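Chains G and P, in that order, are what the protein sequence lines are. If you're matching positions, the first sequence starts at 1 in full-length UniProt numbering and goes up one per residue. If you're matching positions, the second sequence starts at 1 in full-length UniProt numbering and goes up one per residue.
Derived from the structure by calculation, the hints contain no laboratory data. Since we're looking at a predicted model, the values are computed, not measured. Heads up, some of the hints might be wrong.
[To be verified] Okay, the calculated bits of chain P under chain G, using three or more residues with CB under 8 Å as the criterion: (1) 38–49; (2) 176–183; (3) 314–322.
[Claimed, not checked] Taking CB as the label site, the calculated pair distances span: (4) D265/P with I139/G: 32 to 38 Å; (5) E505/P with F163/G: 37 to 43 Å; (6) S159/G with D483/P: 55 to 61 Å.
Don't be surprised by glycine CBs; every beta carbon is placed ideally from N, CA and C.
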Amino acid sequence: MIAFLIKRLYHALLVMFIISIIAFAIQDNLGDPIQQMVGQSVPESEREALREELGLNDPFLVQYLRFAGNAVQFDFGYSYTFNQPTTEVIMRHLPATLELVAASTFLIIALSIPIGVYSAIRPRAWLSRFFMGVSIIGISIPVFLTAIVLIQLFAIGVSWSPFPADTGWGAWLNGVLSTEGGMPAYGRGDPVNVFGTWDTNFASLTGLTYLVLPAVSLASIMLPLFIRLIRAEMLEVLQSEYVKFARAKGISLRRIYFIHALKNTMLPVITVGGVQIGTLVAYTILTETVFQWPGMGLMFLNAIQRSDVPLIVTYLMIVGLIFVITNTLVDLIYGLVNPTVKLTGKPA
Amino acid sequence: MTLKKTLLASVIGAAMTTALLPAAASAETSLRMAYDADPVSLDIHEQLSGGILQLSHMTFDPLVRWNKDLTFEPRLATAWEQVDDTTMRMTLRDDVTFHSGNSFTAEDVVWTVERLKRSPDFKAIFEPIASVTAIDDTTVEFKTSKPYPLLLNLATYVFPMDSAFYSGTDEDGDPKDEIVKNGNSYASTHLSGTGPYVVTERQQGVRIGFERFDDYWDEDSPGNVDNIVMTPISENATRVAALLSGDVDFIAPVPPNDLDRVREDENVQLVTMSGTRIILFHMNQERVEAFQDPRVRQAFAYAINQEGIADRLMKGFATPAAQFSPAGYAGHVDSLEPRYDLEKAKQLMADAGYEDGFEITMMAPNNRYVNDAKIAQAVAAMLARINVTVDLKTLPKAQYWGEYDDRVADMMMIGWHADTEDSANFHEYLTACPDADTGAGQYNAGNYCNPELDKLVAEANLEVDLAKRAEMLQQVEQALYDDAAFVPLHWQDLAWASASNVDIEPVLNVMNFPYLGDLVINEE
């Protein structure tokens, strides 16, 4: 266990090192940060002075070594646009992103397991076919489109009147098609402060209404995938010998489905799931941009637009770290669910 | 008796508080607004950008400001007179207090101009000012080294800062008045101005809160907004959605693709105006020999259909241009109109010996100006009709400007707004003979050079008789037009939208600094 964790720590450091090198190497292609920091009519001499002050004229290796030297002391430099240490900026944006990911994860787990299991047990039922059909559509619609449709329907509202409004049934049908809107269209509202820079949307009902649309959009990417994965795994498990044997022994179906079969179904799902939750953090870039959710994704996109290299590098390293951590946790959980797995990877 | 009185008083008092409090609370008028970006700093001398100037007009007051017809309106300066060719004397208001409680005097103006002369972004603009002196508490004298006609234009940039508040050192021992571009400074997080609003909270990139300043000097202002919350929403579709769903009351800019949607919604109102930012293409004479022939440049100007672009591509959200200066600027020549004429263009190409055309490269940003990449594509297609083959490349703005500075393509797009709201500025940056030492022609990617025009502009900049000066600048515009020094496309229009009870129209202007202190929200 300890050996496993040490190995993972070493992995993490290696990942961070490689990310920092790559991020640093591409910075020249990200554009000139000076352009974003001065007005259009500022003379070249002033720009040059600022470039010198920021150390942008030094050779690549000097710049990188200076960065790496500070980074090992957990000093990742100053953001060009926020004028604050990048770690502080990211820590301020991190809670919003984590809450969004947590809410989506909750939605995914709460919906995918029952739907996946149901459509495996009753593969021919019309409801299963419906879920499968919807999930195909869900996979093929890009997240920002989902988000914009959600905003139109639930924030702005739509009034459709294809039916004659002067007849009773027409007005009723129009009413059914139309939506009032009223959900918040952007941002986090007034989140409640927990401690330090951690504001939460989970503490109040209003806070939750701000969370719903972004969380649904973000969940919409992974939900169909998980439903299909759980269904496929479950179908396979239901075909296996031990399930047939259990049935023959007369164990109740409920027990077979939800204790024996589900447990084995979840093993591969946990592996994929852990990795995908890491991916969700990356997908927040799109969702946060559409909803102006003030998290790391939105911050990262703005940083790219303003060529804020120190912030970009720090963001990439922290996301890399989140990936390493989620993968480690997945492996640990996997070990708990299936004790025959040896964490260190050595043959038993 | 005494007991009775106290009892009575407390009963009345209680009744009054319960009766008045809810009424007072509901009388608070709030504005929730969303711009596409928030100001980078609270230090108004740190960056010369639209966001900073918008903040300046909310929290500070300029000496004078532009009104709708591009003339000057007194603010902290109540009167001004040109004493001689190089001296201007200004009288200041005497009843003004800063947010900190300090009172405003001529010394603050002197201090502010001196700080502006140290600011990397502003010092070039303030270079003509030789000295500023406080004659007494309410009189200040500006001296320029040479006769300088644009002193009032500069005065629109002088937002007097609270010199006592910004003097001394902060907790870290750094001077409070230092201007830091990359890093924190006292001035970038603390603010004391004379303006209508006080900053109450700021989370960069998330929101800024403002509250009306109780001791604001301008009691004639009709403005009735007590609180403002400003949220940056950079995503166009979301900004519009936030307005349509009633989450915010005021947005800017309204993206051109959503204009119809906003116009049709009966709960919101749309205000558009022709702007002052010119979009144009440079033709690089150093890279392409053909561009040295004025006939070829004219052919390009004749081949490009500005009205078509403004009409169809920009959906009417642009004003076709044939010169730098928008209407209202000193150099604007009324008679200059877009000259689309394909036959004439072909004829000119043939005259110049390029009947079969040639090949050029073209570059444009794809996220800086409205529809920039599409405009470039349209221009490339138009040039194909005079047999010019265009190899077009579009880049995000972060990468584009580096390429622009290196002049890597034969034709490059740029948009320009004159910081001084003056015609000479266009020529100085965009068509003057490039000179690295003086900074002239810093963005002249056409390498166009006409020393006579440079001389004329230099003379105009010493001409204090404004009518005479306008004539000279109009001469420059005419010459640039005849010479087809560049291909002007259009002035980008501006658009704002608000809930129908928020009366934004009177406070808007072509410079895009809404004077929110004067904003009126009607009770519904």
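These are the hints, each one checked on the structure:
For the stretch 38–49 of chain P, the assignment as covered by chain G holds, since 5 residues bring a beta-carbon within under 8 Å of that chain's beta-carbons and 3 suffice. With a threshold of 8 Å between beta carbons, the proposed coverage of the stretch 176–183 of chain P by chain G holds, since 4 of its residues qualify and at least three are required. A count of 0 residues in the stretch 314–322 of chain P with a Cβ less than 8 Å from any Cβ of chain G is obtained; the coverage claim is therefore unmet, three being the minimum. Judged by the Cβ atoms, the range 32 to 38 Å given for D265/P and I139/G holds: they are separated by roughly 34 Å.
One distance hint, 37 to 43 Å for the beta-carbon pair E505/P and F163/G, holds here, with the actual separation near 39 Å. Between S159/G and D483/P, the C-beta spacing of about 56 Å keeps the proposed range 55 to 61 Å intact.
Hint 3 from the earlier list is the only one contradicted by this structure; the remaining hints agree with it.
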